[in-house]
Amino acid sequence: MQVITQPKVYPVIVIGSGASGGMAAWNLTRQGIDVVLLDAGDKFDRSKYWTHATPWDTQARLAKGEKPETFFLDTKEQPYLAPNERPFALTRVWGHGGKTNVWGRVSLRYSDIDFKAADRDGWEIPWPISYKDIAPYYDQVEQLIGVNGGTDDSDVLPGSKYLQPPPAPRCGERLLQKAMGKLNIPVVAGRRANMTRSTRGFGPCHYCGNCGNGCDTASFFCSADHLLPFAIKTGKLELRSNAVAARILTDDNGRATGVQYFDRRTGAEQQVRGKIVVLGASCVDSTRILLNSKSARHPNGLGNGSEVIGRYLCEQIRLNARGYLPALEGTATRNDRGIGGEHIYMPRFNHRPGRGRDYMRGFGAQFWNTWSTWNGPQPGSDEIPGFGASLKTQIKRRHPAWFEIHPFGEALPYAHNRITVDPSRVDRYGVPLLHIDYHIGDNERKMTAHMADTIEEIVKAAGGVLVNYKRGDLDAMGSAIHEHGTCRMGTDPKRSALTAFNQMHEVKNVFVVDGSAFPTATEKNPTLTILSLSWRATDYLAQEMKRGNL
Amino acid sequence: MGTSETNINRRRALTQLVTGAVGVASMPLWVESLCAQARAEAHTHAAQAAVTASTWAPSVLTPRQNEAVIALTELIMPATDTPGAKAALVNRFVDHVLSTADAKERSEFIRGLTWLDDRCRARVGQDLAGATTAQLTDIVTPLAVEGTGAADDAPGIAFFRTIKSMTITGYYTTEIGLRQELGDDGRMVLAAFEGCTHPEHQ
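Protein chains in written order, with this note's numbering: chain A, 1 to 550; chain B, 1 to 202.
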């Protein structure tokens, strides 16, 4: 007798283990649902983080042939395409936890100023949810991951109830804060996912400031530390590493039946079967997977009858203004590494009476006093004139006085800003490559002018001097690393791909839970909202499964 | 419309180039490109610099050019109450950065060094490696302030900006520069973060 082995059919397949996929796997497994989680990489090795290595430690280790962990995906391994005249700087992390290993940790709740923006100005589609729908999830996420911040709530930044104490401002931040007070420009403590108190058994931040290289003590939120181990402990999670998802497979009715993936080490093609697929591979990679999942029922890519998937890419505009505060020149060197980066934040204010300008949406800004890092000299030091002992003295005097201002502005969704896949250009597995075509328009240029006015006004009021500053310059497109919008949620299936619970309008057993689901970018950093929406979507998913609707 | 694969490392260098080059629009492109390369290499250079003094040899510079670079980097960042660029082995950093740079940038740097060496010989009858600090100061001073040099000084001005930037980057990423000179306490584990405690800043 011939024995035919049926492949195992998992209740849920999750693709990606960063903020969105990690949250989905954690929330489903704790509710007793079996999950297979595909991640394109492996676990990062904490012993190779080198977070406390001085430049000369680093040099000595390299000389011995040691290598630090490399988080970022090499474009030689996975190229992507862009028009020559419109480059896009894409940052991808393939490995357990994804970009949460090295993220900026800024955790700002969206408010109805964000969720209702399109209702007010009529540009593109509104969010299908409002603040009250997501607020309970923000509460839960903040308690789970440990966010620090002030009690300075406003219409822009609500909900400080569960925040841990923020780190004190550094000297330069105090002076900038005072100047902003004089100008009646709002400024609050930053809100960031560095634990300043022990949280769920994880020790608090030790203020080495090198969070961008990973954390030795898991004291800032990373999915690989704070979600995946707990999901594994339930016994309900099967985590497949180095599984590069290529396509979602469908049956004749167009429903998802599983995922085709490639083993990153061997290149071998694999398939896994499942009843439900949750996609959380990051905005651009989820979009690539959907667009590559073509079939007779889904000729434009999975669930893309509306042809919105891939369009409306919104990547925030940002810039990096730098200068120094003469009042701090010559002060004593302090250990000011803090939680790495800024300790104060300027919430959006252009909706306030008398502050409006001739553009839609808004921008916020992060501020910090940059001294005491292991990065060596501040780049503007080159501009100090002369050479010799006087130069050396001047560099030392100015070292404590440097600051940076990083505004982030909302970019509107435009249909022409688009991710596509190019069947003629494939990766090492034969899967079509991403093509990103992105540029900003007049609205963003007008906003950039307002950003510049604001920076110049604040720096002038603080008695500061901007160095290497060119009014109107923006960082390369993609530098914010906040891609959104290419698989957006909405109430109208003709204009959106997902429901308010991140479920595909056209394929009921597929959920997309990362930043691609956001109809707008807002000016805020998205991870806190990605975590909250993924938690909310998978609560809904679990409920629908139990009701037998999925 | 052409489409091409994106090389992210090159892009990062170009991003730095754009943000760093603002003040020096008059400079040739290679100047800021090489300075950016030095900043990118600042954390990796000791694959060379960590080897012991007796076994190190320059990989790009000739021995005499290396002596010239030692003299110029020490002129830019001299020993004072703390050691200078020579003690911090900044010349090795410069050589390493050149070894990682594009061939064109490398040759521009060498051309600039040769130009300055020629000027030094013409003015004081000694090459850079043989000149005194006072002689070097006289030769370099007109090149050190942009906009003040004679028109035919342009190659020297571009070169000096480059080696000055590389010296600053190299020096302040050593223990001498960061710990001894800038006074960083080096502590990487704090129980609490105090922030600013100056009454006058509150």
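No lab work stands behind these hints: they were computed from the structure.
Any given hint could be a false lead.
Claimed, not checked - Subject to a maximum C-alpha distance of 30 angstroms in a straight line, what follows is the list of computed BS3-like cross-link-like pairs (lysine-lysine):
#1 104/B with 396/A
#2 104/B with 470/A
#3 104/B with 76/A
#4 396/A with 178/A
#5 546/A with 104/B
#6 161/A with 43/A
#7 494/A with 460/A
#8 470/A with 494/A
#9 86/B with 64/A
#10 8/A with 64/A
These numbers were taken from a predicted model, which means no experiment stands behind them.
Results for each hint:
1. Note on residue 104/B and residue 396/A: the hinted pairing is violated, with a Cα-Cα distance of about 34 angstroms set against a maximum of 30 angstroms.
2. Between residue 104/B and residue 470/A, the direct Cα distance comes to roughly 28 angstroms. Compliance with the 30 angstroms bound is thereby established for this hinted pair.
3. For the given pair, residue 104/B sits about 24 angstroms from residue 76/A by alpha-carbon distance, which is consistent with the 30 angstroms threshold.
4. For the hint linking residue 396/A to residue 178/A, the alpha-carbon distance of about 25 angstroms falls within 30 angstroms, and the restraint holds.
5. The hinted pair formed by residue 546/A and residue 104/B fails the criterion: a straight-line CA distance of about 66 angstroms is larger than 30 angstroms.
6. For the hint linking residue 161/A to residue 43/A, the alpha-carbon distance of about 34 angstroms lies beyond 30 angstroms, and the restraint is violated.
7. Between residue 494/A and residue 460/A, the direct Cα distance comes to roughly 49 angstroms. Violation of the 30 angstroms bound is thereby established for this hinted pair.
8. Distance check on the hinted pair: residue 470/A and residue 494/A sit about 43 angstroms apart at the alpha-carbon level, beyond 30 angstroms; violated.
9. With a C-alpha separation of about 24 angstroms, the suggested pairing of residue 86/B with residue 64/A holds against the 30 angstroms cut-off.
10. A distance of roughly 47 angstroms separates the Cα atoms of residue 8/A and residue 64/A; the hinted pair therefore is violated under the 30 angstroms criterion.
Hints 1, 5, 6, 7, 8 and 10, counting from the list given before, are not met by this structure.
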